[in-house]
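Participant: Sequence:
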Amino acid sequence: REVIAEQIGYELDQEILEGDGTNLTGLNATSGVNTVDAGGSTATNGAAVRFQDLALALYKAQHASTRNNAAWFMHPDIAATIVGMVDSNNQPVFHFGGADRTPTEMILGRPLYTVPALSRTQTKGTSTDCSTIYFGPWRKGLFGIRRQLTFEVTNQASFTTDEVDFRMIGRFDCAFPVPSAFTKITGCRVV
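Sequence positions in the sequence shown follow the working numbering and run 2 to 192.
The hints are simulated quantities; they were obtained by calculation from the structure and are not laboratory data. The reader is advised that the hints may include incorrect statements.
With a straight-line cut-off of 20 Å between C-alpha atoms, the simulated SDA-like cross-links for lysine to any residue are [what the hints assert, rightly or not]:
1. Lys61 / Ser42
2. Lys61 / Ser32
3. Lys61 / Ala44
4. Lys141 / Pro180
5. Lys141 / Ser66
6. Lys141 / Thr26
7. Lys61 / Thr36
8. Lys61 / Gly41
9. Lys61 / Ser159
10. Lys141 / Val179
11. Lys141 / Gln15
Remember, predicted model here, so these are calculated numbers, not experimental data.
Could you put the whole structure together from the sequences, leaning on the hints where they help?
Facilitator: Here's what the structure looks like:
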């Protein structure tokens with residue numbers, strides 16, 4: 002059961018953030034979401050995320066309410082790149098109190114959630130290994146269950162091969178009524 006629940010969560014994470022409208026229209030495909038280009042506007046082929054990209058995303062939606070209860074969602078590889086940032090003196094940008102301490106799950110004072118379901122194969126210019134970081138007050142999103150999840154099992158279709166078929170059916174949806182409260186950093190590469 003846990004494996005099935007994990008897979009459902011994985012698919013919902015992917016659709017809520019990056020759904021193209023085929024199933025759900027996720028945050029990435031929602032019109033009016035603020036955008037920051039990783040590496041700045043001259044990085045036409047994507048780039049590693051810079052500290053200034055994160056700071057810009059934090060304040061791109063200009064109302065303070067967009068930062069209250071806001072969080073970061075990104076692929077784990079991108080999170081590792083950010084946690085490993087160093088300055089021009091090769092000193093860590095983010096400090097965690099020593100090498101023996103686990104990095105905090107916070108960036109610029111806001112919670113960080115790693116989402117393995119996010120794509121690492123988005124195209125930006127000639128690069129095909131990009132990802133997107135999402136930031137915003139997730140309480141301003143609407144997430145609904147239209148139909149409760151049902152689970153059905155049958156052995157009739159595969160009776161002669163000693164197999165069991167199962168299916169799950171559920172209807173979910175999401176919407177972002179105030180898309181300008183959210184920001185995405187596009188073209189993020191692991192460098």
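Participant: Now tell me if each hint is right for this structure.
Facilitator: Hints, verified against the model:
Of the pairs offered as hints, the one joining lysine 61 and serine 42 holds, with about 15 Å between alpha carbons and a cut-off of 20 Å not exceeded. For the hint linking lysine 61 to serine 32, the alpha-carbon distance of about 15 Å falls within 20 Å, and the restraint holds. Distance restraint check for lysine 61 and alanine 44: the Cα-Cα separation of roughly 19 Å lies within the 20 Å cut-off, and the hinted pair is therefore satisfied. A C-alpha spacing of about 9 Å is found between lysine 141 and proline 180, which places the hinted pair at or below 20 Å, so the restraint holds.
For the hint pairing lysine 141 with serine 66, the CA-to-CA distance comes to about 10 Å; that is within 20 Å, so the pair holds. With a C-alpha separation of about 16 Å, the suggested pairing of lysine 141 with threonine 26 holds against the 20 Å cut-off. Restraint check for lysine 61 and threonine 36: satisfied, since their Cα atoms lie roughly 8 Å apart, inside the 20 Å limit. With a CA separation close to 14 Å, the supplied pair lysine 61 and glycine 41 stays within the 20 Å bound.
For the given pair, lysine 61 sits about 54 Å from serine 159 by alpha-carbon distance, which is inconsistent with the 20 Å threshold. Between lysine 141 and valine 179, the direct Cα distance comes to roughly 7 Å. Compliance with the 20 Å bound is thereby established for this hinted pair. Restraint check: the Cα-Cα separation between lysine 141 and glutamine 15 comes to about 18 Å, which is no more than 20 Å; the hinted pair holds.
Hint check: a violation occurs at hint 9 only; the rest are consistent with the structure.
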